[in-house]
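First to last, the protein sequences are chains A and B.
Counting from 1, one number per residue, gives the positions in the first sequence under the numbering used here.
Counting from 192, one number per residue, gives the positions in the second sequence under the numbering used here.
Hints in this document: simulated from the structure, not taken from any laboratory.
It cannot be assumed that every hint is accurate.
Stated by the list, open to error - Below, in silico cross-link-like pairs of lysine to aspartate or glutamate (EDC-like), each with a Cα-Cα straight-line distance of 20 Å or less:
(1) B:Lys262 to A:Glu57
(2) A:Lys33 to B:Glu238
(3) B:Lys273 to A:Asp170
(4) A:Lys103 to A:Glu163
(5) B:Lys262 to A:Glu44
(6) A:Lys84 to A:Glu185
(7) A:Lys82 to B:Glu238
(8) A:Lys33 to B:Glu235
(9) B:Lys273 to A:Glu44
(10) A:Lys71 to B:Glu376
(11) A:Lys71 to B:Glu240
(12) B:Lys265 to B:Glu324
(13) B:Lys224 to A:Glu49
(14) B:Lys265 to A:Glu44
(15) B:Lys224 to A:Glu44
(16) A:Lys103 to A:Asp170
(17) B:Lys273 to A:Glu49
(18) A:Lys84 to B:Glu238
What the hints assert, rightly or not - Taking beta-carbon pairs under 8 Å as the criterion, some of the chain A residues facing chain B (in silico):
(19) Gln32
(20) Ala35
(21) Ser36
(22) Val46
(23) Thr52
(24) Thr54
(25) Leu63
(26) His67
(27) Leu70
(28) Ile81
(29) Arg168
As the list claims (entries may be wrong) - Which chain A residues stay away from chain B? Per the calculated CB distances, all over 10 Å, these:
(30) Asp10
(31) Leu24
(32) Ala50
(33) Val59
(34) Leu95
(35) Arg97
(36) Leu124
(37) Asp131
(38) Glu133
(39) Ala175
(40) Ala177
The C-beta atom is built at its ideal place from N, Cα and C for all residues, glycine as well.
Protein chains: 2
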Amino acid sequence: MLHLHSTSPDRWLRQVEENLNTILIDHAHCEQKAASTAMNLMFEYVENEALTATMTEIVTEELEHFHMVLKLLKERGIRFIKLKPGTYGRQLKALCRRQEPHKAMDHLLVAALIEARSCERFVLLRDHLDDRELSEFYGSLYESEARHHATYVRLAMDYGSQEEVGARLDELATAEAEIIAAGYEQPRVHS
Amino acid sequence: MLHLHSTSPDRWLRQVEENLNTILIDHAHCEQKAASTAMNLMFEYVENEALTATMTEIVTEELEHFHMVLKLLKERGIRFIKLKPGTYGRQLKALCRRQEPHKAMDHLLVAALIEARSCERFVLLRDHLDDRELSEFYGSLYESEARHHATYVRLAMDYGSQEEVGARLDELATAEAEIIAAGYEQPRVHS
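Kindly produce the complete structure, drawing on both the sequences and the hints.
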């Protein structure tokens, strides 16, 4: 259902366990980026009424999550600082084609895959974290990531047939799995 | 209270009257840009807790207004299309200093002035438009612009003394009045 071509390697869970505070800070940045992505899509495709309406909901929801993470950081005395972003998002965005309608389709599918990977990882965090509060927190978040994933895939269908979208999602999911397999040396939500 | 150094020229009201549909479309874009500005400030100054909290509220509110304008456009059968943006915002942003904390102060004060000018013009639209629905619409919006103006000025005080902020606001307001006086050939909310 999430269209991912791999499960996260154990290596990632070890990165998380050893750097939980950094992962939480990065998670706050991810929610900001997700809000920003939705806002940018809304700006780019103003004439798509369904997209515009849905993106507004997603912006609002991501900002709510952002504040939930900020609250957690504050309660734990972790300072919210800037982090050098991982290369995951950048590498995925580099795969997007430049010409419309492919550009729209690809950006929506990349957003869908990022949501899918977050969902998969939030479930892992729910199941593996010893910290009960965080485990419950991630258990409360993963469903919205799955919902956003489905929303982005559905919106991509405005820019191509079901077959085209399915084939492209498959290609991008293969690339996404390779990026995840290569990893990133710093601990990040998508490292 | 709005710290503006000029009132809008009659020339602008004539532009509006002759191009009401374009002004409405541009208004939708302005609400998007206002949401985007608030989001970008939130991203840039993550460590400022009050700013982050307030910016989230402003993003949400601007997106609500955006949807109100979209609804008006739809009811009137006006297609929401991209418009070449006016030079107002760009010229103001070019005045922002590049080094912190001046950069933060200036971006917040420029945002404050844009809100102030919108407020002043929405009051003019309320008072001058023959179209009763639109007149009431702008009458319902101007107060939030005034509130946002005050919020941005208050947040700027985190980046300098009251005297410094007051002096800089004065300088920027002088420049803003010059940009408004020069005008823009296409009808825009800030032309």
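Comparing the hints with the structure gives:
This hinted pair checks out: Lys262 of chain B and Glu57 of chain A have alpha carbons roughly 16 Å apart, not beyond 20 Å. This hinted pair checks out: Lys33 of chain A and Glu238 of chain B have alpha carbons roughly 16 Å apart, not beyond 20 Å. For the suggested pair Lys273 of chain B and Asp170 of chain A, the alpha carbons sit about 32 Å apart, so the restraint of at most 20 Å is broken. The suggested pairing of Lys103 of chain A with Glu163 of chain A holds, with an alpha-carbon distance near 17 Å, which does not exceed 20 Å.
Note on Lys262 of chain B and Glu44 of chain A: the hinted pairing holds, with a Cα-Cα distance of about 19 Å set against a maximum of 20 Å. In summary, the hint linking Lys84 of chain A to Glu185 of chain A is supported, as the alpha carbons are separated by about 12 Å, within the 20 Å threshold. This hinted pair checks out: Lys82 of chain A and Glu238 of chain B have alpha carbons roughly 8 Å apart, not beyond 20 Å. At most 20 Å may separate the alpha-carbon atoms for a hinted pair to count; Lys33 of chain A and Glu235 of chain B meet this at roughly 12 Å.
Restraint check for Lys273 of chain B and Glu44 of chain A: satisfied, since their Cα atoms lie roughly 9 Å apart, inside the 20 Å limit. Between the alpha carbons of Lys71 of chain A and Glu376 of chain B the distance comes to roughly 47 Å, so the proposed pair goes past 20 Å and is violated. Proposed proximity of Lys71 of chain A and Glu240 of chain B is supported: the alpha carbons are some 10 Å apart, at most 20 Å. Taken as a hint, the Lys265 of chain B and Glu324 of chain B pair is honoured in the structure, with Cα atoms around 14 Å apart against an allowance of 20 Å.
Distance hint between Lys224 of chain B and Glu49 of chain A is fulfilled; the C-alpha atoms sit about 18 Å from each other, no more than 20 Å. Straight-line distance between C-alpha atoms of Lys265 of chain B and Glu44 of chain A comes to about 19 Å, which keeps the hinted pair within the 20 Å bound. Note on Lys224 of chain B and Glu44 of chain A: the hinted pairing holds, with a Cα-Cα distance of about 12 Å set against a maximum of 20 Å. Proximity of Lys103 of chain A to Asp170 of chain A is assessed by CA-CA distance (about 16 Å); at most 20 Å being required, the pair is judged to hold.
A hinted pair counts as satisfied when its Cα atoms are at most 20 Å apart, and Lys273 of chain B with Glu49 of chain A qualifies at roughly 14 Å. Our distance criterion of 20 Å between C-alpha atoms is met by Lys84 of chain A and Glu238 of chain B, whose separation comes to about 15 Å. Look at Gln32 of chain A: its Cβ gets to within about 6 Å of chain B, closer than 8 Å, so that hint holds up. The beta carbon of Ala35 of chain A is positioned within 8 Å of a beta carbon in chain B (closest approach about 7 Å), and the interface hint is therefore held.
For Ser36 of chain A, the interface hint holds, the least distance from its beta-carbon to any beta-carbon of chain B being 6 Å, beneath 8 Å. Satisfaction of the interface hint for Val46 of chain A is found here, the shortest Cβ-Cβ separation to chain B being roughly 5 Å, below the 8 Å cut-off. With its C-beta approaching chain B no nearer than about 7 Å, Thr52 of chain A sits inside the 8 Å limit, and its interface hint holds. Hint status for Thr54 of chain A relative to chain B: violated, with the closest Cβ pair at about 12 Å, above 8 Å.
Evaluation of the Leu63 of chain A hint against chain B yields a held restraint, the C-beta minimum of about 5 Å falling below 8 Å. Here the hint on His67 of chain A is kept, as its CB sits about 6 Å from the closest CB of chain B, short of 8 Å. Interface restraint check: Leu70 of chain A against chain B, minimum CB-CB distance 7 Å, threshold 8 Å, status holds. Of the supplied interface hints, the one on Ile81 of chain A holds, with its beta-carbon coming within about 7 Å of a beta-carbon of chain B, less than 8 Å.
For Arg168 of chain A, the interface hint is violated, since its Cβ never comes within 8 Å of a Cβ in chain B; the closest pair sits about 25 Å apart. A cut-off of 10 Å between C-beta atoms confirms that Asp10 of chain A is not in contact with chain B; the least separation is 31 Å. Separation of Leu24 of chain A from chain B is adequate, the least Cβ-Cβ distance of about 13 Å exceeding the 10 Å criterion. Consistency note on Ala50 of chain A: stated as away from chain B, and its beta-carbon is indeed over 10 Å from all of that chain's, at 12 Å minimum.
Distance check on Val59 of chain A: its Cβ comes as close as 6 Å (rounded) to a Cβ of chain B, failing to clear the 10 Å threshold; non-interface status is violated. No Cβ of chain B approaches the Cβ of Leu95 of chain A within 10 Å, the least distance being about 24 Å, so the stated non-interface status holds. Non-interface call for Arg97 of chain A relative to chain B: holds, since the shortest CB-CB distance, roughly 20 Å, exceeds 10 Å. The non-interface label for Leu124 of chain A is consistent with chain B: the shortest C-beta to C-beta separation is roughly 26 Å, beyond 10 Å.
Non-interface call for Asp131 of chain A relative to chain B: holds, since the shortest CB-CB distance, roughly 23 Å, exceeds 10 Å. Against the 10 Å criterion, Glu133 of chain A stays outside the reach of chain B, whose nearest CB is about 21 Å from its own CB. The non-interface label for Ala175 of chain A is consistent with chain B: the shortest C-beta to C-beta separation is roughly 27 Å, beyond 10 Å. Interface exclusion of Ala177 of chain A from chain B stands, the closest Cβ pair being 29 Å apart, more than 10 Å.
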